[in-house]
Every structure is written in structure tokens, then in C-alpha cells.
Amino acid sequence: MSTDQKGFRLVDPSGQKVGSSVVGMHPLHQAAMRIADFRDGRSRLKPKDLVSLLLCHGARAWRSAQPIARPSVRVVSPAGRTAVKIRFQ
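My numbering runs 55 ahead of the 1-based position in the sequence shown.
Incorrect hints may appear among the rest.
Unchecked claim - If you anchor each label on the Cβ, the simulated ranges turn out as follows: (1) Pro126 to Lys103: 33 to 41 Å; (2) Gly135 to Leu109: 51 to 59 Å; (3) Leu105 to Arg142: 35 to 43 Å; (4) Ala134 to Met88: 55 to 63 Å; (5) Asp104 to Pro82: 12 to 20 Å; (6) Arg136 to Leu105: 53 to 61 Å.
Derived from the structure by calculation, the hints contain no laboratory data. For every residue, glycine included, the Cβ atom is placed at its ideal position computed from N, Cα and C.
Taking the hints into account, I'd like the entire structure generated from these sequences.
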């Protein structure tokens, strides 16, 4: 595979490159593969890119470790009836 080709691509009858196929994968793995796509020999990652990658990875790992929030809002009118009820589950 030459350096200008990047992995698997969809085939277009006209012979043009269409783009990579959509495959379901874990978000952390997808981010790692996206970073790997930048490493094609022409572009070099800067230290700032590594710092932002590590910060995003840490924030994503922290968010995934948090418990699931189930907010519920209930507003009662002066007459005692439920005026607004909002629930997210």
C-alpha cells in the first residue's frame, strides 16, 4: 500500500476514492484511529495535540465512570394540580 492510500475505502465505479466505510466502534478506539490517520508521514503531531488528546481521554473516562443521572422536575399550580412535569430517563 502506498503512502497516499489510507486503509479501506468504498469503491466508486468512476474510480474515485469515496471515503472510509462507516463501522461501529468504541469512541475511544475511534479517537485513537483518527489520530493514527494523521500519522501518514507528512504531518507531525505537536506536543499540544498530545496534551489535548490526553485531556479529552481523561475527561471522557471520568464521564463514563459517573453514575447515570435521572432528573425529574415537577411544578404544582396554586390549585394543587400538576402544571409541568418533566422527566428524563
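A quick look at each hint next to the structure:
1. Pro126 to Lys103: 33 to 41 Å: With Cβ atoms ~36 Å apart, the hint holds.
2. Gly135 to Leu109: 51 to 59 Å: holds, 54 Å
3. Leu105 to Arg142: 35 to 43 Å: Cβ of Leu105 to Cβ of Arg142: about 42 Å, so the range 35 to 43 Å holds.
4. Ala134 to Met88: 55 to 63 Å: holds, 58 Å
5. Asp104 to Pro82: 12 to 20 Å: holds, 18 Å
6. Arg136 to Leu105: 53 to 61 Å: holds, 57 Å
Taken one by one, the earlier hints all hold for this structure without exception.
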